[in-house]
Each structure stands twice: as C-alpha cells, then as structure tokens.
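Participant: Kindly generate the complete structure, drawing on both the sequences and the hints.
Mapped onto our numbering, the consecutive letters of the sequence shown carry residue numbers 262 to 635.
Each hint can be trusted.
Here are the computed lysine-lysine pairs in the DSS-like style, where the Cα-Cα straight-line distance is at most 25 angstroms:
1. Lys503 <-> Lys514
2. Lys270 <-> Lys514
3. Lys306 <-> Lys513
4. Lys541 <-> Lys558
5. Lys270 <-> Lys306
6. Lys270 <-> Lys309
7. Lys558 <-> Lys601
8. Lys392 <-> Lys270
Honestly, the hints are just simulated from the structure, not real lab data.
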Amino acid sequence: MRAEWTDAKRLVVKIGSSLLVDAATGMLRQAWLEALADDIAALRKEAKEIVVVSSGAIALGRNVLKLPKGALKLEDSQAAAAVGQIDLAHAYEDAFRARGLVAAQVLLTLGDTEERRRYLNARSTMTTLLKLGAVPVVNENDTVATSEIRYGDNDRLAARVASMMSADCLVLLSDVDGFYTARPGSRADARRLDEVTDITPEIEAMAGDVGSELSKGGMVTKIEAAKIAVSGGTHMVIASGKVLNPLQALAKKGAGTWFPARSDPVTARKRWIAGTLEPKGAFTVDGGAAAALASGKSLLPAGVTRVDGSFERGDAVVIRNGDGIEIGRGLTAYDHAEAKAIIGRKSSEIADILGYLGRPELIHRDDMVLQRKM
Numbered sequence: 262m263r264a265e266w267t268d269a270k271r272l273v274v275k276i277g278s279s280l281l282v283d284a285a286t287g288m289l290r291q292a293w294l295e296a297l298a299d300d301i302a303a304l305r306k307e308a309k310e311i312v313v314v315s316s317g318a319i320a321l322g323r324n325v326l327k328l329p330k331g332a333l334k335l336e337d338s339q340a341a342a343a344v345g346q347i348d349l350a351h352a353y354e355d356a357f358r359a360r361g362l363v364a365a366q367v368l369l370t371l372g373d374t375e376e377r378r379r380y381l382n383a384r385s386t387m388t389t390l391l392k393l394g395a396v397p398v399v400n401e402n403d404t405v406a407t408s409e410i411r412y413g414d415n416d417r418l419a420a421r422v423a424s425m426m427s428a429d430c431l432v433l434l435s436d437v438d439g440f441y442t443a444r445p446g447s448r449a450d451a452r453r454l455d456e457v458t459d460i461t462p463e464i465e466a467m468a469g470d471v472g473s474e475l476s477k478g479g480m481v482t483k484i485e486a487a488k489i490a491v492s493g494g495t496h497m498v499i500a501s502g503k504v505l506n507p508l509q510a511l512a513k514k515g516a517g518t519w520f521p522a523r524s525d526p527v528t529a530r531k532r533w534i535a536g537t538l539e540p541k542g543a544f545t546v547d548g549g550a551a552a553a554l555a556s557g558k559s560l561l562p563a564g565v566t567r568v569d570g571s572f573e574r575g576d577a578v579v580i581r582n583g584d585g586i587e588i589g590r591g592l593t594a595y596d597h598a599e600a601k602a603i604i605g606r607k608s609s610e611i612a613d614i615l616g617y618l619g620r621p622e623l624i625h626r627d628d629m630v631l632q633r634k635m
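Facilitator: Dropping the structure here:
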C-alpha cells in the first residue's frame, strides 16, 4: 500500500463511461456500481472524504433515445445527457442509500472551475456537502455547455475538481490499468510504468489514444489531468476499473501508474494565491485581527478597519496591518462595496446589512497565505 493512498484524507475518484455502461447493451453495469459503492462505504468508515466524478450520462441517454452509435452532434449529446443524467443520478442515489450514504449531484461547466466567483461557489458547496457526510457525484453539465465552454472529457474535469477541492489523491479508474510506453498489444516491448515523477516530452509522446467507443478520453487527456493534479499538490493514479471493487484492489496492491505530487494541496494552493494572482485591493486590519490571523484564524469583518481597491468576490487582496505593512494575501468572499459595508461589524450582522446571509468571514483561512514574519 502506497503512502499516497494510505495518508490521503480526501479522494477524488473518476469513473469512465466504459466502466459504468455496457458497450453492447447501453445499459448500466449494476453489479459494478454496487461493488464500487461498497468500496466507497468502506472508505467513508475510514473517515476518508470521497468525491466522485462520473461519466455515463450521455452513454445511458443515447441508448434510451435510440441514437445511432458513433460520434453525436452537440445537440444530440446534450439531449442524451438530459435523459441520462436522471438515470445516472438515480443509480448513484439507490446504490449509496442502500449503504447508508447520501449522494449529491453536482453539475459543472468549464467556467465553474476557471471563473473565480463560480469557482468559490462550487468549492464552498462541495466542502459543505463533505462536512455533512454526503458524497458529491460530479459530471460536466453537458445539457448547457457549448463546444466553447466545455471540457469534453472527464479526466481533466476530475483534475480540476481535485485541485479545487485540495484533494490529496485523484484516482482515474480506466479500462486500461495504467500508463504504458506504447499502446498495450501494439508492440512486444510495451510496458506499464509504475511511477512517473516528471511529465517530460518523452512521456507526452508515449500517450497514444487508448479510448474506447464510449470513452472520449484517451491517455493524452490523462496526462493532461496529471499535469493539473500534481501542480495543485494532488497525487494521481491511473488504475484498472475493469475488476469489481476497484478501489479495494487499488488499496491492497497499489497497482497502476502513480504520478506523485511534490507538495501537498494546501501548500500548492497557498503558493498560487501568494505568487500567481494579481491583488485587486487591500484590507487593513487591527492588532487583534492580526494576532488572530497569526494563530490560524480566518479574517472576520470586525477586525478590518479599511478597504482599498475595486475588486469582485473571489479576487485576490492584500492584507495589511495598522502600519501599512503587508502581512498576507487571500481571496475575498465579498466584493469591494459589500466589504466596505460590513467591516467593523459582527458576522451576525451581515444578513441585516447586505440583505442576504453570506459567509461569516471576509477571507477564509483556507483561502489565505500569510507572511512568515508578522
């Protein structure tokens, strides 16, 4: 058993269409889903948080609508997704409920993980679901996503979700049991790599298309997913999903191709906040708030004495002490007008001031990085 698995507290598990839907009949592979649900229930008993990113809606819907095999036009894919999402959600709901789990459907588009306001909304919703013990089941919102604003494959979507949720490990369950030096069966010397520590041009060149009829994602998209995951501090593994209880098999043997991250998700996220995002404004805090931040607390409105700049919710802002010295940076939960209206006030007063119940903190500690010396 690898430390990347045993030490992980939050896991994102991506499931391909070819695992969930029978290619010959277009029907759900019920026994496989039941076995996966057993695995997830066992992991939940180990106090691990699980997010599922599931394909399968279009594959299920096209069968119901009797659409022809092969590539579909965008509008046909959207129609199939609209039908299939209902069947898919019910399937997860039934399988999870039988094991005392709560399934929650989350539909995302590309913009939900790229535009900061929507990113924060999605992250907050799924974080709350996990705290409440639910298992989010994520899929791309194919019914509304156009070709310009969609992922087109759930490998990269899963990697974005893993990064967004600061997951410790991303598991790509596939009909291929790892990353090979060449397409399995195409060459006698094709072999699986147990670990890839650097995604070099040579590794990228090895990534051939090994997608199946129902699965759009080949090894190219999995390598792209690995880049996203490891840069966000999330370990990733490509493992076989062709067996029953695939997560149990992975836990026991660790078989697959592992892409270890060099830093943990929290460190990677804070590095991104500190060094990548351009600050759009600034909060000046009093001495009590500065001390609270140094002890690991979130920034509450009561401790802020001044707001500068023009910013939107989700933008990066600088945090300064009373002497004007920068002591940190973070992502603001309110825009500049709202922030100015609530500073110096108790969090319990936010709803009366703004007319809606927002977050109690201006900047949550998970969205903040502080200077080493304050």
